Amino acid sequence: MTRVMALWFPDWPVQAVHLDEDAPAHNKPVAIAAHYRIQVCGVAARKRGVRRGMKVRQAQAVCPELEVVDADADRDARMFEGIVASLGEVASSVEVLRPGLVAVDAGAAARYYGSEDIAAQMLIDAALRQGIDVFAGVADEITTAVIAARANGGTVVKREASRSFLQQQPLGVLAAEEALGCEAEVVRALADLGMRTLGELAELPVEAVATRFGNAGLRCHNIARARHDRKVAPPITHADWEVSHVPEEPILRVDAASFVARNLASRLHQLLSKGGVVCQLLKVTADFSTGDTVSRIWRTGEPLTEQATADRVRWQLDGWLTARGVHSDDPNEHDGITALWLIPLECVPPDMASGGLWDTGRSQQHVARQVIERVQSSLGVDAVLQPVPAGGRGVEERIHFVPYGEKRDAIRNPAGSWPGKIPGPLPARLGGGINHPASQVTMIDTEGQRIYVTAEALLSSSPYALSWGPARYLITGWAGPWPVDDRWWEKNGTKYARLQVVGRAVSEERQLSAWLLMWKDNKWRIEATY
Numbered sequence: 001m002t003r004v005m006a007l008w009f010p011d012w013p014v015q016a017v018h019l020d021e022d023a024p025a026h027n028k029p030v031a032i033a034a035h036y037r038i039q040v041c042g043v044a045a046r047k048r049g050v051r052r053g054m055k056v057r058q059a060q061a062v063c064p065e066l067e068v069v070d071a072d073a074d075r076d077a078r079m080f081e082g083i084v085a086s087l088g089e090v091a092s093s094v095e096v097l098r099p100g101l102v103a104v105d106a107g108a109a110a111r112y113y114g115s116e117d118i119a120a121q122m123l124i125d126a127a128l129r130q131g132i133d134v135f136a137g138v139a140d141e142i143t144t145a146v147i148a149a150r151a152n153g154g155t156v157v158k159r160e161a162s163r164s165f166l167q168q169q170p171l172g173v174l175a176a177e178e179a180l181g182c183e184a185e186v187v188r189a190l191a192d193l194g195m196r197t198l199g200e201l202a203e204l205p206v207e208a209v210a211t212r213f214g215n216a217g218l219r220c221h222n223i224a225r226a227r228h229d230r231k232v233a234p235p236i237t238h239a240d241w242e243v244s245h246v247p248e249e250p251i252l253r254v255d256a257a258s259f260v261a262r263n264l265a266s267r268l269h270q271l272l273s274k275g276g277v278v279c280q281l282l283k284v285t286a287d288f289s290t291g292d293t294v295s296r297i298w299r300t301g302e303p304l305t306e307q308a309t310a311d312r313v314r315w316q317l318d319g320w321l322t323a324r325g326v327h328s329d330d331p332n333e334h335d336g337i338t339a340l341w342l343i344p345l346e347c348v349p350p351d352m353a354s355g356g357l358w359d360t361g362r363s364q365q366h367v368a369r370q371v372i373e374r375v376q377s378s379l380g381v382d383a384v385l386q387p388v389p390a391g392g393r394g395v396e397e398r399i400h401f402v403p404y405g406e407k408r409d410a411i412r413n414p415a416g417s418w419p420g421k422i423p424g425p426l427p428a429r430l431g432g433g434i435n436h437p438a439s440q441v442t443m444i445d446t447e448g449q450r451i452y453v454t455a456e457a458l459l460s461s462s463p464y465a466l467s468w469g470p471a472r473y474l475i476t477g478w479a480g481p482w483p484v485d486d487r488w489w490e491k492n493g494t495k496y497a498r499l500q501v502v503g504r505a506v507s508e509e510r511q512l513s514a515w516l517l518m519w520k521d522n523k524w525r526i527e528a529t530y
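So for the sequence shown, the UniProt record's numbering puts the first residue at 1; every next one is plus one.
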């Protein structure tokens, strides 16, 4: 059976700052900020009361000596390259899940060093030479190993004991680690339904999870059930998809490396499009003038786009050049990059990946774009609209239509804070909306009393039945309510609440229906149908 070791470097962006030049002292409180909020904070900052999600001003008020550094993905990846290089001296296969988290084939390492414990200690020692914090987790699956690394300062899960280990792990770990690929909204929705541990989630029927939460829910469910998905750094699936570049002169500058990265990414994605696949695991290999060959493997939760591929290659080349002290202004410099390869190690069809509607290959996109541009040239730019996600609380406001090809910068941020936002998946049909005369419904409890939303934004009692025109339904499940106090600062602000309801038709016992209801002006109305 496959064994996997995950090495987790907590608060990596902060550790990357300490490793960078002119870094603050390790005992000085440091936090990483993005969009005026604390994204990551170090141990010293947490001890002084700083927390993720705080506004920068609030964090500085709590900890006046706090040093706030802007988030920089390039710095995180560049500094992590030195760590991975050290680990590569100990283990033959080190897969980067993200900067700050790697996976290693523990079985191979254990066979070489004699035991998992010795292999784990060797890897930790290799990282500790850099003076950083690291925790190890070992398990039968990559996802379980990642969770084990974050549990109790690192945990070794016995063979075939993953289910029992995961049973007691908190549900929130799924959202705490981005490399697990779980959507935070789905995790919050599961928590709202009463789930507290992965064991409780694993007990749910897989059909119910798939029906309610789709692929995002299945991802969480599979992790909780310790479903084995893949090995560490699987072999190449198609050698013809490799691309390479041999420059006329050794590459010494980061800007030159960036240009090559974009060119190689474009060539690679043209080949992948012709093959009808997308890449989720990429190997970057470079030859140096000294004769050295270095390689690194990158994995992403989402299929790699052309831009994402170029970014990762650029990060990698920047890290290698920086680590080797290559400078273009040194006339005696002979340690530049002489050859570069991009090798897709894991490719899947677009419908098996988590891409969007248009992730069907570049050639199909090109044809669609040509047709759309012809229509726009004849009928005007606004003649063809495309739906894009937008920030909001309900259904209609979270789907924004813009002219095809228009930039999305002005659209409300979907990842922003939207109190009262209903969890996904969104309903499939909007219908006539809450202002339609036929949208009004009535809900009652077991005593026949009408259900309403109290001043505390709670239901007056548990729903039992729903009537919609002549139809009668027995309620089998409900979630909410989600209250919204819209424009509360104005005299004529609007208050309303939403409720998700599932009901079985009295006339047809097998037929289930689900709605999104809105409580407004002391009436229940159907806003959308699932």
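One thing to keep in mind: the hints can contain errors.
Derived DSS-like pairs: lysine-lysine, alpha-carbon spacing no greater than 25 angstroms straight-line [what the hints assert, rightly or not]: (1) Lys495 - Lys520; (2) Lys231 - Lys283; (3) Lys523 - Lys495; (4) Lys47 - Lys28; (5) Lys421 - Lys523.
These aren't lab readings, by the way, just hints derived from the structure by calculation.
Since this is a predicted model, take the numbers as computed values, not measurements.
Verification of the supplied hints:
1. Only pairs whose Cα atoms come within 25 angstroms are accepted, and lysine 495 paired with lysine 520 is accepted, the gap being roughly 7 angstroms.
2. Only pairs whose Cα atoms come within 25 angstroms are accepted, and lysine 231 paired with lysine 283 is accepted, the gap being roughly 15 angstroms.
3. For the hint linking lysine 523 to lysine 495, the alpha-carbon distance of about 12 angstroms falls within 25 angstroms, and the restraint holds.
4. With a C-alpha separation of about 11 angstroms, the suggested pair lysine 47 and lysine 28 falls inside the 25 angstroms cut-off, and the hint holds.
5. Of the supplied pair hints, the one linking lysine 421 and lysine 523 holds, its CA atoms being roughly 20 angstroms apart against a limit of 25 angstroms.
Consistency with the previously given hints is maintained throughout, with no hint failing.
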